[in-house]
Every structure is written in C-alpha cells, then in structure tokens.
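Chains as they are written, first to last, in the UniProt record's numbering: chain A, 1 to 561; chain B, 1 to 561.
Hints may contain errors.
Pairs involving identical chains hold if they fit within one copy or between any two copies, as the list cannot separate such chains.
Taking lysine-lysine pairs in the DSBU-like style, the calculated list, with each CA pair at most 35 Å apart, reads [claimed, not checked]:
no., residue 1, residue 2
1, Lys-85, Lys-443
2, Lys-312, Lys-133
3, Lys-326, Lys-85
4, Lys-70, Lys-200
5, Lys-197, Lys-63
6, Lys-326, Lys-419
7, Lys-70, Lys-197
8, Lys-197, Lys-326
9, Lys-94, Lys-326
10, Lys-443, Lys-70
If you're looking for bench data, these hints aren't it; they were derived computationally from the structure.
Take a look at the letters that make up each chain.
Protein chains: 2
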Amino acid sequence: MKSFHLSTALVLGACQVTLALWPIPRSLQTGSTIVKLSSGFDIQLSGINHAPDDLSDAIERTKSHLQNDKLQRLIVGRGAADSAKVKSAPSINKLTLSLNSGAGQAKSIFEEATKDIGTRSEGYSLSIPGDGKTATISANSTLGLLRGLTTFEQLFYDDGTGTSYTYQAPVTIQNDSPAYPWRGLMLDTARNYFSVKDIKRTLDGMSSVKMSQFHWHIVDSQSFPLIVPEFPELAQTGAYSSGEVYSPSDVQDIVTYAGQRGIDVLVEVDTPGHTSIIAHSHPEHIACFEASPWTSFANEPPAGQLRLASNKTVSFSASLISAIAKKLPSKLFSTGGDEINQNCYTQDAQTQADLAASGKTFEQALDSFTQATHAELKKLGKTPVVWEEMALEHKVTLANNTIVQVWISSQNALAVVNKGLRIVHAPSDYFYLDCGHGGWVGKNVNGNSWCDPFKTWQKAYSFNPQQDIPASSSQLVYGGQQLLWVEQSDPSNLDSIIWPRAASSAEVFWTGTTGPDGSPLDVGTALPRLHDLRYRLKQRGINAIALQPHWCALRPGACDL
Amino acid sequence: MKSFHLSTALVLGACQVTLALWPIPRSLQTGSTIVKLSSGFDIQLSGINHAPDDLSDAIERTKSHLQNDKLQRLIVGRGAADSAKVKSAPSINKLTLSLNSGAGQAKSIFEEATKDIGTRSEGYSLSIPGDGKTATISANSTLGLLRGLTTFEQLFYDDGTGTSYTYQAPVTIQNDSPAYPWRGLMLDTARNYFSVKDIKRTLDGMSSVKMSQFHWHIVDSQSFPLIVPEFPELAQTGAYSSGEVYSPSDVQDIVTYAGQRGIDVLVEVDTPGHTSIIAHSHPEHIACFEASPWTSFANEPPAGQLRLASNKTVSFSASLISAIAKKLPSKLFSTGGDEINQNCYTQDAQTQADLAASGKTFEQALDSFTQATHAELKKLGKTPVVWEEMALEHKVTLANNTIVQVWISSQNALAVVNKGLRIVHAPSDYFYLDCGHGGWVGKNVNGNSWCDPFKTWQKAYSFNPQQDIPASSSQLVYGGQQLLWVEQSDPSNLDSIIWPRAASSAEVFWTGTTGPDGSPLDVGTALPRLHDLRYRLKQRGINAIALQPHWCALRPGACDL
Numbered sequence: 001m002k003s004f005h006l007s008t009a010l011v012l013g014a015c016q017v018t019l020a021l022w023p024i025p026r027s028l029q030t031g032s033t034i035v036k037l038s039s040g041f042d043i044q045l046s047g048i049n050h051a052p053d054d055l056s057d058a059i060e061r062t063k064s065h066l067q068n069d070k071l072q073r074l075i076v077g078r079g080a081a082d083s084a085k086v087k088s089a090p091s092i093n094k095l096t097l098s099l100n101s102g103a104g105q106a107k108s109i110f111e112e113a114t115k116d117i118g119t120r121s122e123g124y125s126l127s128i129p130g131d132g133k134t135a136t137i138s139a140n141s142t143l144g145l146l147r148g149l150t151t152f153e154q155l156f157y158d159d160g161t162g163t164s165y166t167y168q169a170p171v172t173i174q175n176d177s178p179a180y181p182w183r184g185l186m187l188d189t190a191r192n193y194f195s196v197k198d199i200k201r202t203l204d205g206m207s208s209v210k211m212s213q214f215h216w217h218i219v220d221s222q223s224f225p226l227i228v229p230e231f232p233e234l235a236q237t238g239a240y241s242s243g244e245v246y247s248p249s250d251v252q253d254i255v256t257y258a259g260q261r262g263i264d265v266l267v268e269v270d271t272p273g274h275t276s277i278i279a280h281s282h283p284e285h286i287a288c289f290e291a292s293p294w295t296s297f298a299n300e301p302p303a304g305q306l307r308l309a310s311n312k313t314v315s316f317s318a319s320l321i322s323a324i325a326k327k328l329p330s331k332l333f334s335t336g337g338d339e340i341n342q343n344c345y346t347q348d349a350q351t352q353a354d355l356a357a358s359g360k361t362f363e364q365a366l367d368s369f370t371q372a373t374h375a376e377l378k379k380l381g382k383t384p385v386v387w388e389e390m391a392l393e394h395k396v397t398l399a400n401n402t403i404v405q406v407w408i409s410s411q412n413a414l415a416v417v418n419k420g421l422r423i424v425h426a427p428s429d430y431f432y433l434d435c436g437h438g439g440w441v442g443k444n445v446n447g448n449s450w451c452d453p454f455k456t457w458q459k460a461y462s463f464n465p466q467q468d469i470p471a472s473s474s475q476l477v478y479g480g481q482q483l484l485w486v487e488q489s490d491p492s493n494l495d496s497i498i499w500p501r502a503a504s505s506a507e508v509f510w511t512g513t514t515g516p517d518g519s520p521l522d523v524g525t526a527l528p529r530l531h532d533l534r535y536r537l538k539q540r541g542i543n544a545i546a547l548q549p550h551w552c553a554l555r556p557g558a559c560d561l
Numbered sequence: 001m002k003s004f005h006l007s008t009a010l011v012l013g014a015c016q017v018t019l020a021l022w023p024i025p026r027s028l029q030t031g032s033t034i035v036k037l038s039s040g041f042d043i044q045l046s047g048i049n050h051a052p053d054d055l056s057d058a059i060e061r062t063k064s065h066l067q068n069d070k071l072q073r074l075i076v077g078r079g080a081a082d083s084a085k086v087k088s089a090p091s092i093n094k095l096t097l098s099l100n101s102g103a104g105q106a107k108s109i110f111e112e113a114t115k116d117i118g119t120r121s122e123g124y125s126l127s128i129p130g131d132g133k134t135a136t137i138s139a140n141s142t143l144g145l146l147r148g149l150t151t152f153e154q155l156f157y158d159d160g161t162g163t164s165y166t167y168q169a170p171v172t173i174q175n176d177s178p179a180y181p182w183r184g185l186m187l188d189t190a191r192n193y194f195s196v197k198d199i200k201r202t203l204d205g206m207s208s209v210k211m212s213q214f215h216w217h218i219v220d221s222q223s224f225p226l227i228v229p230e231f232p233e234l235a236q237t238g239a240y241s242s243g244e245v246y247s248p249s250d251v252q253d254i255v256t257y258a259g260q261r262g263i264d265v266l267v268e269v270d271t272p273g274h275t276s277i278i279a280h281s282h283p284e285h286i287a288c289f290e291a292s293p294w295t296s297f298a299n300e301p302p303a304g305q306l307r308l309a310s311n312k313t314v315s316f317s318a319s320l321i322s323a324i325a326k327k328l329p330s331k332l333f334s335t336g337g338d339e340i341n342q343n344c345y346t347q348d349a350q351t352q353a354d355l356a357a358s359g360k361t362f363e364q365a366l367d368s369f370t371q372a373t374h375a376e377l378k379k380l381g382k383t384p385v386v387w388e389e390m391a392l393e394h395k396v397t398l399a400n401n402t403i404v405q406v407w408i409s410s411q412n413a414l415a416v417v418n419k420g421l422r423i424v425h426a427p428s429d430y431f432y433l434d435c436g437h438g439g440w441v442g443k444n445v446n447g448n449s450w451c452d453p454f455k456t457w458q459k460a461y462s463f464n465p466q467q468d469i470p471a472s473s474s475q476l477v478y479g480g481q482q483l484l485w486v487e488q489s490d491p492s493n494l495d496s497i498i499w500p501r502a503a504s505s506a507e508v509f510w511t512g513t514t515g516p517d518g519s520p521l522d523v524g525t526a527l528p529r530l531h532d533l534r535y536r537l538k539q540r541g542i543n544a545i546a547l548q549p550h551w552c553a554l555r556p557g558a559c560d561l
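Chain A with its partners taken away, still in its complex shape:
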C-alpha cells in the first residue's frame, strides 16, 4: 500500500497548481487558502439602480450553478479529501457586483452582447478575499459582470456534503478582458435538423466558456428550415417536415436567449451556392437543380445555385436576405459565398443567356449579385460576413468593414489581411469539428473525410491567431471559431462532437497565446482545467465527452507522455 499512498500524495501536490478556470483569465493571482460560501451566501448589486432583467437572471443562474453543479475536485478522494479543511474555513457571505464609475446607466446584457463586434465591453475584475467576507466583481458593462459571474462559478467545488468552496483564495483578477472579440461556434442546421432546445443547450455551453458569437448556418441546399414570413413557401417546401422548422418566434427566442448569455447570433444565408432547396418553391431562381452527376455541379449533393445573373433572382436574393436580416438584433449577417461551382452556371442555359444579355462576365455578375445583397445589409446598418472565397477567389468588391471567415486553410489568413480585410479564423485544418469520421457519400468503402484527420482539442488549442500575420495587420484579426458541419451529426451526437473540444478556441481567443503568468498556453497545463470544465458541463446536462480515463482525470500529469 505504501507506494500507492506515496503516489496519491504526489498527485495531490501536483494538483495544487491547477485551477478550474476556462478560459484562464489574462490576469490572475491566487493563494492557497480554502474559503467557502456561507449558507446564507447571496449575490447583490452595488450602486446599480434598475438592474436589467437579464442581469438579475444571470445572477440567479450563478446562484443555481453554485448550488447545483456539485462538482467535486478531480483528485483521488474527490471532495472528501478537502472536507475537513472546508469545515473550518472562513466563509464568504456575499458577492457584490458593481459597474465602474463612468459606465453610465446599466444596459441589458443582451444589448451589450449584440453591439457591433469590436465595440463590446467584456472585461471585468474579480476579488475573493482569503479571509472570507465579501467577494466583488466590477466591470464597465453588464456584459462584463456576466463574464465575471462565469469566472466566479468556476472557482467553486463541492466537498461532497453540499458546501461550495474554493481552495486557491485569495483570488484577484484585474481587468480580465478578451484578446479577441469573436470567440465563436458555428452550427449547421440544414443538413440535419436541431431543435431549439438543442441550440439553447449549445448556447449554454458557449456561455460557460465566455464565447461571444454563435454562427448559425441556418439553411443550405439540403433543407430550408427557416420560416420567413415574406417567403413562407421556402420552409413549406424546403423544411424536412413541418415540425423541423424555425418559426420567427423560435428565432427571436434563440437570439434573445443567446444575447442574455453574452452571445451575439450571426445568421448566415449562404449565397449564391448551397441553395438547391430553394428550387422546391422557386425553380426559376435555381441553376443546375439536382443536376447529375452531382460531383460535376456541387461539392456535395444536391446541386443547385441561385441564378446570379438573373435580375429577378438578384432581386429575390436581396429581398430574402433583407427580410431575414431586418428581424435580427445582430450587427452582423453572413451572405456566405463559399464553393461556387462555375460549371453549374456554364451548363445553365438561362444563366448564359442572362450573362450575354447583360454583357457581364461571370465574375462581374457575381460582383453585382453581391453588391445587391450587401447593399440591403448596409441599409439595415449591418456588417457583411463572407467566406474566404469571396475575398480570394473572386473579383468581388467588398466593403472595408467586411469580415472574412478563413476556412479552407489556416495558411490563407495572410492573403486576406493583405487585402486589408478583417478576418475570423475558421480553418478546417484546426477548427472543423466534423473531420475524421470517414466519408459520408455513398458507395465509397475506403473514403476518409476530406479534412482528415480528426481535429483534436490539442490541435485546436495549438492555434496561434497571429501566426503568419504581420504586426501591422494584427488588428485585422477579430478572433476565431470552431465549426460543426452536420453531414454525420444530428442531436444524437451534438454535445459529444462539440464538447469539450470547442472550448479550445474559446480559450485561445479569450486568453491569447500566453497565460496569466506569461508562459505560453500549453496542452499539459490546460488538460486538468479542461477536465474540470468537462465534468462541470456534464453536471449541467451537457454531454461533454471524456478526454481520458477517469483514473487520469483524478491524477493530473500521470497520463502524460
């Protein structure tokens, strides 16, 4: 038994350097004192009159998490290993939240979270004294207070008897604010459908790691689940079923839920490609509809693209995007623009006739098409977001404020910033959550996924947002996101394919490339914290998967190479 006990002691020692925060704050000082929450612990506002409802709700959620997470420390013995010390530890009676002087009247978290990207105030300061008494969070906005509450929740464990405690007090965080404003996750709800409940659960996970941007790839060639009141025929003929839709109230429900949790929702209506399903109600607008073989007309079945050279189709597309965008609080809207198949247009007699009649080349027509949809966004005061092909492969004029999502390869980021455009990292070689599960097209015995291998959390975590970017362009990097395309996913594996992997980019784009002590982010020191996050997500009903055998999770470092 001797060696076992020795080993346990060593592991406990090693564990003291970890702290269950994810993302790790950019500024952090900790001690080694245990303090617990008193039985009458409360969270109160200080100097904030007329607290916005969503701030009050956020406080209630934090109190609920502190009471219900019941996450015990990941050490041999779990909470019981600390319980004797917890009994005699000083108590915190109160957490007070305050806005810094000059912050002005408190706005709702929703309002703060849906401000234009780059103008949101997410920083906060937090203090937990080592002698108990009162903990504090202060910020310049309610959104900052939310971020602080999210940190606070993660500091507490359960000792197995219902007492919440932190073991690294005093904790001092001074102005922890994100390195990048865009910390995102993309979900495709077109190839397979996800319920509002599934999406809300995903937003819960995002909020718990301070993500700021949900990219909702809501429609695609396979289905059109979005009910647009001005174009009801699209979902009527394009949704998988009458139950697999997002009504206007569903969309409002989701964007409200997200905003209240510090997340802005970027809706994408991908154009002119990825639109086959529109032909079910508007065949006049779609070229090469379900043309065969699909491999000649699209990157995946079914083929079909908007007739970008047709004036009627341009008008339809602009009206559709306007109708959708005008209902959304976000200042951002994506018109997509990826994977345009030229052969589809070459083979489409109408498009050829339209081009001939207008005297435009394909690229000129694409430019006109894009100008038309982006003009609608501009009218609504919104910023366009596009996939990288629009900047790199086509001769499209993009407004200076356009945000370009770099997806084909991380190596393409430089080319985009060299055009003076803002970028969001979404590279398939780091951030595609769907890669590595084999090819999904039929009759393909040995097919692997096009973006093999599987992108591990470690791979995503190793991403450097400024890699290849000259210092003079560093301000063009707005952040990044992991992405789930759902050819082989649906609600069955939504949580397990996203969590905890997607937390990797949440930390990379919040914390940056170095931790609070100045040392580079490192998968070795990150793993114990990521275990904690994963077990905590489980406690909150998110089916995050195991990263290692539980034996390893209880013994930080013991399963390292």
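Starting from the known structure of chain A, fit chain B onto it as the hints suggest.
Just chain B now, with coordinates in the frame of chain A:
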C-alpha cells in the same frame, strides 16, 4: 417544379429495391404488395405448451415495437406517400410462432442463448402472405423464434396515421440462420464507468441486429468496478466510487437481460497485465505498480501486472477467476492475456527472485500461470478465451478448444488458425470503434490515435471473415466483433460511437459475404437499409448517429459517389 417531381419519382422507384432488414437474411424472397397489420393483430404460439416466460416477454416486446417504433419510410413524403395504398391493403390478423417437429420441449431463450458457442440454434423461417391473413415464424428453438421476431419487427413501417404495414409482401424467408455463431460487441467498463442502464440499452441495440455475444471487458488497470463477494476489497479500493460498481445482482441482472434477448455474456478478467488497480488492496500481487515512466512498463498508464511467477499470486488469480466465472451462465470466459510488458517483470525484484527460486523462465512461468487459471475454467466446464498474444507471442499451452481473439491486425488471423485454434475476428484495423479521435495521453499536441484512422461502418462492412484463411481451416472461424475501448468514451458518447457502426459486423457475421440473391455484400445497397436501422434505433431510444444528411437518407443513391 417539374424537375423536382421527376426527381422524386425516380427516387421512389429506386427505393423499391431496398428493404429495412439488418442483417439481411441469407434466404429471402419478397413481392411488391402492401399488407398491413389489422387493428386486432396478435402474436400467438402454435403447439407450444408452457411457453417460457422470456419467449412471452419477447412477443410483448415485438408487439410494443410494432406499435411504438412509428418509423416512416425513408422516402420523400415519408409514410404519407404510401397511406392511400395502405388504406385499401389486405390485413394480417395474426402472427403464429411454432417450433419445428423434433424441437422438443421449449426451453427459455436464455437457456438457448447461453449454450456453448457453436451449439446454439438461431435459425428460423418466416412467411408473410401477400393476401394478408396469417404470418408465421417457425424455428427449432425459442432462440430461433426470437431471431424471427426481430426480423418481423423490421419489416413494418408506420404510415403516419398509426397503421403498420410492409410494402414488399409476400415475404418468404426459409431457414435464415447465421453464417457465424459469434457476432459480438466488446465494451470496456474499466477506463470509464457505464451504468447498468447504459449496458442494457447497448444490449437492446445488439439484440435488434441479432448479435449473439457481449464481451464485457469489465475490469482493467484503471478501475475494478466488479464486486466479487470473495474479494470485496478489490472493488472497495478499485472502483472509481462506491456508486460506480457492478454488484453481484447487477451482473446477474445484465446476464439475464442479455440471455433473454439472445445474447451470451463473455466476461473478461484480463491477466496478468492490465491489473494495476489490484495493488490498491493487494500490493503483494502486483509488479511495477504505477512505475514511472509508464511508457517503459505498460502500454498505457497506470503500470502494474500480476506477479505471475509468485505461487501466491497464481493462487490468488486462479481463485479470483473461479469466483467470478462460477456465477456466470456463459460457457465462455476470457482470461485476457494481451500486452504483457516484460520489462515490468525484469525490473521487479520479487518476480526475478520467484523465477530464480522456481528455475522457470518468464515464458514457463506465464505458461504455469495460464494453466492454473484455465484449469479453474475447465473445472467449471467453461471454455477459455484469450487475446492473440497468448497464441502468437508466448509459449503458452492452450487447450484445443480455446478461442483466440485476433485484435492487433486482421493479418494475424491466419497464424492463429495455423495453430489449429478457433478464432474470433476483433481486428483493430477494421473493428475498433474508438480509433481516430486523436491521442488521449497528455502533453501530446499532434498525437493521433495509435489505430488511426477512424474505422467507418463501410470499412467494417468490407471485412471478409475468410480472408487469408485456407478452406481447410474455415471451420475455425467462429465469427467476429466490434470493440469499444473507452479512454475517450463514457455514457456521453456510448450510443453515438457504437451505433449504427457496430451493425456492420452484425451483418457480416450473420449474412456472410453474399446477400440472399448471391451477390456480394455491398456498401451501396447496404446504406439504405442501414439508414432504416439507424432511424429505427433512434425511435427506440438509442442515440445512433446520422450517416448522411437527412436529404440523402430520403433519396437512396442520390448521394453516392
């Protein structure tokens, strides 16, 4: 709209050749008539007096599935596309089950399913007349009747109004029986814990595809969740927690549940490696306990192996295996035998002293150890099962009836049959469900899993059980199984990582390499059936994942390469 309707019609046409059976019967004749179940439909026994309770229960489950699956056909329009024809279709009032003459008194399914491998009677015949009236299933055993019921359930769809119908009557299946008796699935419950409920749900999935063998890798170096009454200290100190255990009644519950569903449970107690956790209560029996670096002492942490040269440890191991095996109905028991680390023993002073004292080499000691544990199994009338190293890498005398699981590579099967030993295919290059999700050991940024890439359902489906095996040895091939090692799995992704992939081997080892029409099994024709299975599993509460976008599932062939 024209082209859309044309496309839909084509797809409906293509769909007629599919049939939602998995595994596809080895004998099958179908028509193209729709027949439905009458509102008073019942399943009755014919000529079976004193029906075993588990047969009656199986009948009730089938009736429940027929009522509650509510799976609509995977075609555009779903059940509604058939509902007009269903209304006027003839009705089946009754399904009768009978045992063939000479079958003798009906025994329980449990008793039939737990007979020795190779002696189980699983064949059945089934008829659904095209004019409705009475459907029949006959078999030589209640286990055969269960297999027939499982087929019957899969033939029926819901038309969206609660009516169950088949669209390919008359259906005639004459003596569909499995090509191989061992159609298995292995689950590791040691690296991470799974509840009894999780295991039962997995058994439900297995039964629905006529799998016959659940391989329960119940303990390993990381944890010892099995409560053995004679050795209570093992679970007391080795389980992850007092709640994460399998009590004797849990084990009986699981083996009973399995047997009633046509599944025998092979329990494995891996020896002499993979036993580190035993040191928590019996340090005297474990060499190189948690020795560092683990890479020098074990394939994965923590290191620790039974002191195979110690008489006391041999006696302990034999007693432990006997105590566990004697409670189990199966005629099979696995003593493991994989990944023995020789350096562990070389560095262990006690093992070196034991070897010197006995005058045995390491291999002689391993042989004695194995003889001792296998002698206990023989006393209990059980057949030993081992991993391939015991046959190929070590000088261990194995009884002729030993079953060897070939896991390192499919190419090693030949070497084992060349020794005259029976094999079960469990090759990591086809059947490991855990591969391809990246390395799980810590501090390993770019590490992929050792058995990359991900094993797709198509890859597993392409396996030929007789590949490389000379005809003279073909009878030594007892079947095969897919396997889930759970370093990166736990209840969060249990269903999604297993289903529907594990159905691939269920068909390969039931149907063999050719379908009922004599043509080779083919991923192209299999896919629509596998979609059906997957959607049906979902209806039954098993979180099987999407294989393709729903758009493709509704249009067989449309997403083929």
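**Study point:** Identical-chain pair category, Lys-443 with Lys-70, by Cα at 35 Å
**Key:** Only across copies: Lys-443 and Lys-70 sit 28 Å apart there, 48 Å inside one copy, limit 35 Å.
Review point. Is it within, between, both, or neither for Lys-326 and Lys-85, if the alpha carbons may be no more than 35 Å apart?
Key: Answer is neither: 56 Å inside a copy and 46 Å across each miss the 35 Å cutoff.
**Study point:** Within, between, both or neither, where Lys-312 and Lys-133 count as close if Cα-Cα is 35 Å or less
**Key:** neither (68 Å within a copy, 58 Å between copies)
Practice item. State whether the alpha carbon distance between Lys-85 and Lys-443 is at most 35 Å within one copy, between copies, both, or neither. Key: between (62 Å within a copy, 32 Å between copies)
Review point. How do Lys-197 and Lys-326 come out at 35 Å by Cα distance, when the copy is not named: within, between, both, or neither?
Key: The answer is within: 24 Å in one copy meets 35 Å, while 48 Å across copies does not.
**Study point:** 35 Å Cα threshold - placement of Lys-63 relative to Lys-197
**Key:** For Lys-197 and Lys-63, both the intra-copy (22 Å) and inter-copy (32 Å) Cα distances are at most 35 Å.
Exercise for review: Can you give me the call for Lys-70 and Lys-197, within, between, both or neither, at a CA distance of at most 35 Å?
Suggested key: Answer is both: 23 Å inside a copy and 23 Å across each meet the 35 Å cutoff.
Point to revise | Alpha-carbon proximity between Lys-326 and Lys-419, which holds within one copy, between copies, both or neither at 35 Å | key: within (29 Å within a copy, 74 Å between copies)
Exercise for review: State whether the alpha carbon distance between Lys-70 and Lys-200 is at most 35 Å within one copy, between copies, both, or neither.
Suggested key: For Lys-70 and Lys-200, the Cα distance is within 35 Å both inside one copy (22 Å) and across copies (27 Å).
Review point. How do Lys-94 and Lys-326 come out at 35 Å by Cα distance, when the copy is not named: within, between, both, or neither?
Key: Classified as neither: same-chain Cα gap 42 Å, cross-chain 59 Å, threshold 35 Å.
The structure fails hints 2, 3 and 9 (numbered hints given earlier, in ascending order).
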